[in-house]
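Enquirer: Sequence:
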Amino acid sequence: MSMTDAANSPVLPAAEAMQPVRVIPENRTGSAFKKAENRAAYLFLAPWLAGIILITALPMLASLYLSFTNYAVIGWPTWIGFDNYVRLFTSDRRFVTSIWVTLKYVGFSVPLVLLFSLTVATVLNRGLRGLAIYRSLFYVPSLIGASVGIGLLWKEVFGERGVVNHMLGWFGIAGRGWINNPTFALPSVITLNVWTFGASMVIFLAALRQIPESYYEAASIDGANAWQRFRRITLPLITPVIFFNTVLLLINSFQSFTQAFVVSNGRGGPVDSTLLYSLYLYQQAFQQMQMGYASAMAWILLIAIGIATALMFWSSRYWVFYGDR
1 MSMTDAANSP
11 VLPAAEAMQP
21 VRVIPENRTG
31 SAFKKAENRA
41 AYLFLAPWLA
51 GIILITALPM
61 LASLYLSFTN
71 YAVIGWPTWI
81 GFDNYVRLFT
91 SDRRFVTSIW
101 VTLKYVGFSV
111 PLVLLFSLTV
121 ATVLNRGLRG
131 LAIYRSLFYV
141 PSLIGASVGI
151 GLLWKEVFGE
161 RGVVNHMLGW
171 FGIAGRGWIN
181 NPTFALPSVI
191 TLNVWTFGAS
201 MVIFLAALRQ
211 IPESYYEAAS
221 IDGANAWQRF
231 RRITLPLITP
241 VIFFNTVLLL
251 INSFQSFTQA
261 FVVSNGRGGP
271 VDSTLLYSLY
281 LYQQAFQQMQ
291 MGYASAMAWI
301 LLIAIGIATA
311 LMFWSSRYWV
321 FYGDR
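Counting in my numbering, the sequence shown runs from 1 upward without gaps.
By construction, these hints were calculated from the structure, which means they are not laboratory data.
All residues carry an ideal CB built from backbone N, CA and C; glycine is no exception.
Be careful, since some hints might not be right.
Unchecked claim - SDA-like cross-link-like pairs, simulated, lysine to any residue; straight-line CA separation at most 25 Å: (1) LYS104 x TYR322; (2) LYS104 x LEU153; (3) LYS104 x ALA310; (4) LYS104 x THR183; (5) LYS155 x GLY175; (6) LYS104 x TYR282; (7) LYS155 x ILE173; (8) LYS35 x PRO77; (9) LYS104 x LYS35; (10) LYS104 x LEU45; (11) LYS155 x PHE261; (12) LYS104 x THR234; (13) LYS35 x LEU45.
Unchecked claim - Label pairs and their computed distance ranges (CB to CB): (14) LEU45 x GLY175: 21 to 31 Å; (15) ASN225 x TYR322: 55 to 65 Å; (16) TRP314 x ALA41: 30 to 40 Å; (17) GLY51 x ALA219: 28 to 38 Å; (18) VAL123 x ALA41: 20 to 30 Å; (19) THR122 x PHE89: 20 to 30 Å; (20) TYR322 x ALA218: 19 to 29 Å; (21) THR78 x TRP195: 21 to 31 Å.
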């Protein structure tokens, strides 16, 4: 280009000259693929979302509303405010009895199940032959322990002519009707619950088998005996599993129903000695047809379980050992 042509050529404005060039992507399949993935994810989550809304959330909201009403199943609920809750804590003596019976049941059942399950797991962890068979045999009761059939069988075992009295007769000890005695009725139900320790035992056994054998070998070289190895090595390393089993057992024990219902024929007797909280809730809801009153009881139980679980999580910082701290 000559000097004359350069002088005569048009000059573009600065803003137009600096404007960036827009590049339109030719392939947008990536974003379309992500949208398809999201749709597929929502489709697979739909049954779970429907279940949690229809089966859990809506019934809970309905129960919360009914707890403030007088609802006898037949007819429409009548709003009465906090009257159900006031009646529970001021004038219902069986409600207080059910709380006391449940606390005794939980206070004895949970430690005993933990003790039995950890003891059996420790024995099985020694490398016995046929470990899978023993593990299955101990686990079976936890699968069927809450069934009506086992409750009926247990009722016969502790009956006046049951197996327990028959075995006591071998030693010249007079038997009794354990289920019909107010002193021994609740211990009989607790024994049935302890018998179903298999699920906790399997979890403990899995935790014990994860502890490196080198820890025990080093402790043995230092002169530690079996009890010291168990106390200083085994217990600290399985505290997370102890915590896990304790929380599960605590929640399940507060909700125990079938054993007490079958053993006492749904009455909670004798003399309300097996009147667990859930059993009394059932009586109010399906025998007395006081569904609003039972809903108030259900929410009190939910709050109690939540508080107990929260206390367990709070206390775990002082006794649960994790490898990363």
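Enquirer: Would you mind marking each hint as holding or not holding in the structure?
Expert: We went through each hint and held it up to the structure:
Annotation: proposed proximity of LYS104 to TYR322 is violated, straight-line Cα distance about 31 Å (limit 25 Å). Distance check on the hinted pair: LYS104 and LEU153 sit about 23 Å apart at the alpha-carbon level, within 25 Å; holds. The hinted pair formed by LYS104 and ALA310 meets the criterion: a straight-line CA distance of about 20 Å does not exceed 25 Å. Pair hint LYS104 plus THR183 holds up; C-alpha atoms about 13 Å apart against a cutoff of 25 Å.
Only pairs whose Cα atoms come within 25 Å are accepted, and LYS155 paired with GLY175 is accepted, the gap being roughly 15 Å. Distance hint between LYS104 and TYR282 is fulfilled; the C-alpha atoms sit about 19 Å from each other, no more than 25 Å. The suggested pairing of LYS155 with ILE173 holds, with an alpha-carbon distance near 20 Å, which does not exceed 25 Å. As the CA atoms of LYS35 and PRO77 are separated by approximately 46 Å, the hinted pair breaks the 25 Å bound.
For the given pair, LYS104 sits about 55 Å from LYS35 by alpha-carbon distance, which is inconsistent with the 25 Å threshold. For the hint linking LYS104 to LEU45, the alpha-carbon distance of about 41 Å lies beyond 25 Å, and the restraint is violated. Proximity of LYS155 to PHE261 is assessed by CA-CA distance (about 11 Å); at most 25 Å being required, the pair is judged to hold. Restraint check for LYS104 and THR234: not satisfied, since their Cα atoms lie roughly 29 Å apart, outside the 25 Å limit.
Restraint check for LYS35 and LEU45: the C-alpha separation of about 15 Å stays at or below 25 Å, so the hint holds. Remark: the range hint 21 to 31 Å for LEU45 to GLY175 is contradicted by a beta-carbon distance near 57 Å. A C-beta distance of roughly 27 Å is found between ASN225 and TYR322, which places it outside the suggested range of 55 to 65 Å. A C-beta distance of roughly 36 Å is found between TRP314 and ALA41, which places it inside the suggested range of 30 to 40 Å.
Taking the beta carbon of each, GLY51 and ALA219 are about 49 Å apart, not inside 28 to 38 Å as hinted. For the hinted restraint 20 to 30 Å between VAL123 and ALA41, the CB-CB distance of approximately 46 Å leaves it violated. For THR122 paired with PHE89, a C-beta distance near 44 Å fails the hint of 20 to 30 Å. A C-beta distance of roughly 21 Å is found between TYR322 and ALA218, which places it inside the suggested range of 19 to 29 Å.
THR78 and TRP195 have their C-beta atoms about 45 Å apart, which leaves the hinted 21 to 31 Å range violated.
Hint violations for this structure: numbers 1, 8, 9, 10, 12, 14, 15, 17, 18, 19 and 21, all remaining hints satisfied.
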